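Note that the protein sequences, when read in sequence, are chains H and R.
Residue numbering for the first sequence follows numbering that gives the first Met the number 0, beginning at 0 and increasing consecutively.
Residue numbering for the second sequence follows numbering that gives the first Met the number 0, beginning at 0 and increasing consecutively.
Please note that the accuracy of each hint is not assured.
What the hints assert, rightly or not - A few chain H residues that face chain R, going by a derived Cβ cut-off under 7 Å, partial list only:
1. 29
2. 38
3. 72
4. 75
5. 76
6. 80
7. 166
Claimed, not checked - Simulated DEER-style distance windows between Cβ atoms:
8. H:52 with R:12: 19 to 27 Å
9. R:21 with H:26: 34 to 42 Å
10. R:12 with H:26: 24 to 32 Å
11. H:49 with R:117: 24 to 32 Å
12. H:200 with R:330: 53 to 61 Å
13. R:170 with H:141: 49 to 57 Å
14. H:97 with R:21: 49 to 57 Å
15. R:5 with H:19: 24 to 32 Å
16. R:206 with H:2: 55 to 63 Å
17. H:53 with R:207: 49 to 57 Å
18. H:23 with R:5: 23 to 31 Å
19. H:172 with R:207: 21 to 29 Å
20. R:1 with H:172: 30 to 38 Å
21. R:206 with H:26: 17 to 25 Å
Since the hints were made in silico from the structure, they are not lab data.
Only a predicted model underlies this, so the values are computations on that prediction, with no experimental measurement involved.
For glycine and all other residues, C-beta sits at the position ideal for the given N, C-alpha and C.
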Amino acid sequence: MRDADFFRRWMVATAAVVEREADRLTELDSPIGDADHGSNLMRGFTAVRAALNKDTPAAPGAVLQHAGRTLISTVGGASGPLYGTLLRRTGKELGDAAEVSDEDFRGALDAGVGAVARLGGAAPGDKTMLDALIPGVAALGTSYRAAADAAEGGALATVPMRAHKGRASYLGERSVGHQDPGATSSALLLGALADVADGLL
Amino acid sequence: MRMLINSAETVVADALRGMAAAHPELDVDVERRVIARRDAREGGRVGLVSGGGSGHEPLHGGFVGYGMLSAACPGEVFTSPVPDQMVRAAKVVDAGQGVLFVVKNYTGDVLNFDMAAELAEEDGIRVERMLVDDDVAVTDSLYTAGRRGTGATLFVEKIAGAAAEAGAPLDQVAAVARRVNGASRSFGVALSACTTPAKGSPTFDLPDGELELGVGIHGEPGRERRAMMSAREIAEFAVGAVLEDLAEVAPADGPVLALVNGMGATPLLELYGFHAEVTAVLAARGVPVARTLVGNYVTSLDMAGCSVTLCRADDEMLRLWDAPVQTPALRWGR
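So that you can see chain R by itself, here it is in the shape it has in the complex:
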């Protein structure tokens, strides 16, 4: 596998140096591995801190900026960051209004963010924590680590970030973040495995002519393997799985925010073609689409494939979604 890197050991630090060079508006601490808004403490806002393993770019560092995250903590590839990073981030962004940790539901992320929350509170910083767990491919939450956090993370970070930017207090920012997660569902499909720099070969074998349904974003195999399907068939399967689960979120006829997300190696040409099928399935099922985002936002290194995330958004969520945002990967209205 050929990779555009210097070495597997330095891949995260090298990317952070590149982020720093490309985005002077951000405070990129390569040593401590924290990406923060330079103006995070101005204006007395609630701080919004997220993080997770690297390899999902632009998540999370690409979402740091006006109207979204105050800071992000990148871990090693597919490995959650360590508590020291989140404690540092909380200190850098806390303006006295407290900090919300947005945590994707993976055992490692949960443990490290919990330890960080404890340490930050010992240092006098008020911390709330919310979990993103939107992946409907995990059906058996009793005998697993629970549903994974995937595409809904983007919705949570954008909408809660807009609430924080508008000056909402910590409990309200946390509440809207939890409402967005509660109203969001995702389903992912892999057409190829991904290759981590440390291993250098694909993380699982996927023979030609087959695909994995219900994958996460860490190169792990999915729920089920099938013979290759067309974009239309995949859209029907993925949207069907999401809607089936979304039925429990009221109002059943409400509009949705739609994210058609690429896993990293699927061209936009294919993603837009897939999105056309997603739109057709939603129209056929009478689901109105309020807003749409198509692109590579929550990726899994060089995995080919896609995920669909739908959020049954109320008026407040839509208003916050439309609010201005200015980050490396998401920007509008400003």
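Same shape as in the complex, but just chain H:
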């Protein structure tokens, strides 16, 4: 069973990895976006870390909802509402239980990814964060590490894709050959989750 502290540590670990990888995310966002994905997510997750360290809610669901609301209020762009919705919806699904099973969490995260898909209107293969999140959640039944690896693979698989959503879509064929920054940050999120679950952090 996973308690609120597990999810707090996931968010703190995500803040650390986003901070470490911010320049790479921004670099990926330059040729097919507007060169700010790293700095935007860093602003958001730094705020999440500060909010949760100041006041950690007692239930896993509340931790993720608080994190989601903080992202919506601090990130802006498309990634603020999308990541914010992912965490808020996942948190809502978890309800107010003090501890949740890995299976409950898997179902909740699946619902969160579904909410992201509806909000952004994207489908798999559109070269978005979904291309990492969907294979990642699908592999969550195996292990957290398998989910992280699948998300990483999904992010790499966006390289040959042509973007159909977001700002990269305006480039048409010229978006081919670049790894999607949103899929990359989604893989970082699931990578941080695996690190925390494996006791590495």
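Put chain R on the given structure of chain H with help from the hints.
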């Protein structure tokens, strides 16, 4: 890249402090990032709220004032503002007549304004939302996020702002805003990439002797790259692209509002020379120009280049265009 800033992190807040100092007639909330008319709630008018990423100045904050926007919400550079800002702006300007959100069609702006509209309505504020999507460079709207909002934003904000100033109710202000957008088309050209403060280097490589056709206003590359063209050739290409698309807006022989807009780093000397070519192309095609605006209004940081926006304006739009306006960046008749 040398920039006149203190730090990339504070660039938006610093600019807002400067706006506050330069324009005491505006209520600039640096903390919450809302620029509002001090008299927004007087006179029982409909509120007009817009916003978007910073880096497009004077859009949107420079268009807050009499006869135009009631409030503007600046986001981080090229990043849409967060819903909290638009909710705050709606509260500050709502005089009970409702608020129109003018939203440029970018995924981030649409998502954040939608969330804000929901929250503001929960607080009892009537909100209408309209999208600006005038950029004809985006041809494939089925497989993209749809046409981008660019130069027509200025036309929408001026004309809808005049309607609100005259006391029109929310549905009418929204309707005229949508009509202006529906009658407007834009095309942009970049002669250089721009540099965001966060990245510090150009957002894309544009070798000497080449230009990008069909650029947006966020430093993203355009539709097509070609060898450098003369002002006359660029005018023919851009006006041609706009008119081709404008053909579906009736009446085909109606007069247009013309905006020849600089992207930020192109001198007015060049812009006026370019405008002469735009005028020549329009005359050759038999398009009467009713009103003209030349200058840097919807910019993309330090990008060199220009855009052309044409709006096939009816009598009501022209009357509202001519109505007095008094904002930091646009003022006449008052």
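Results for each hint:
{"no.": "1", "hint": "29", "result": "holds, 6 Å"}
{"no.": "2", "hint": "38", "result": "holds, 5 Å"}
{"no.": "3", "hint": "72", "result": "holds, 5 Å"}
{"no.": "4", "hint": "75", "result": "holds, 4 Å"}
{"no.": "5", "hint": "76", "result": "holds, 4 Å"}
{"no.": "6", "hint": "80", "result": "holds, 4 Å"}
{"no.": "7", "hint": "166", "result": "holds, 6 Å"}
{"no.": "8", "hint": "H:52 with R:12: 19 to 27 Å", "result": "holds, 24 Å"}
{"no.": "9", "hint": "R:21 with H:26: 34 to 42 Å", "result": "holds, 36 Å"}
{"no.": "10", "hint": "R:12 with H:26: 24 to 32 Å", "result": "holds, 25 Å"}
{"no.": "11", "hint": "H:49 with R:117: 24 to 32 Å", "result": "holds, 26 Å"}
{"no.": "12", "hint": "H:200 with R:330: 53 to 61 Å", "result": "holds, 57 Å"}
{"no.": "13", "hint": "R:170 with H:141: 49 to 57 Å", "result": "holds, 55 Å"}
{"no.": "14", "hint": "H:97 with R:21: 49 to 57 Å", "result": "holds, 54 Å"}
{"no.": "15", "hint": "R:5 with H:19: 24 to 32 Å", "result": "holds, 25 Å"}
{"no.": "16", "hint": "R:206 with H:2: 55 to 63 Å", "result": "holds, 56 Å"}
{"no.": "17", "hint": "H:53 with R:207: 49 to 57 Å", "result": "holds, 52 Å"}
{"no.": "18", "hint": "H:23 with R:5: 23 to 31 Å", "result": "holds, 26 Å"}
{"no.": "19", "hint": "H:172 with R:207: 21 to 29 Å", "result": "holds, 24 Å"}
{"no.": "20", "hint": "R:1 with H:172: 30 to 38 Å", "result": "holds, 35 Å"}
{"no.": "21", "hint": "R:206 with H:26: 17 to 25 Å", "result": "holds, 20 Å"}
In this structure, none of the earlier numbered hints is contradicted; all agree with it.
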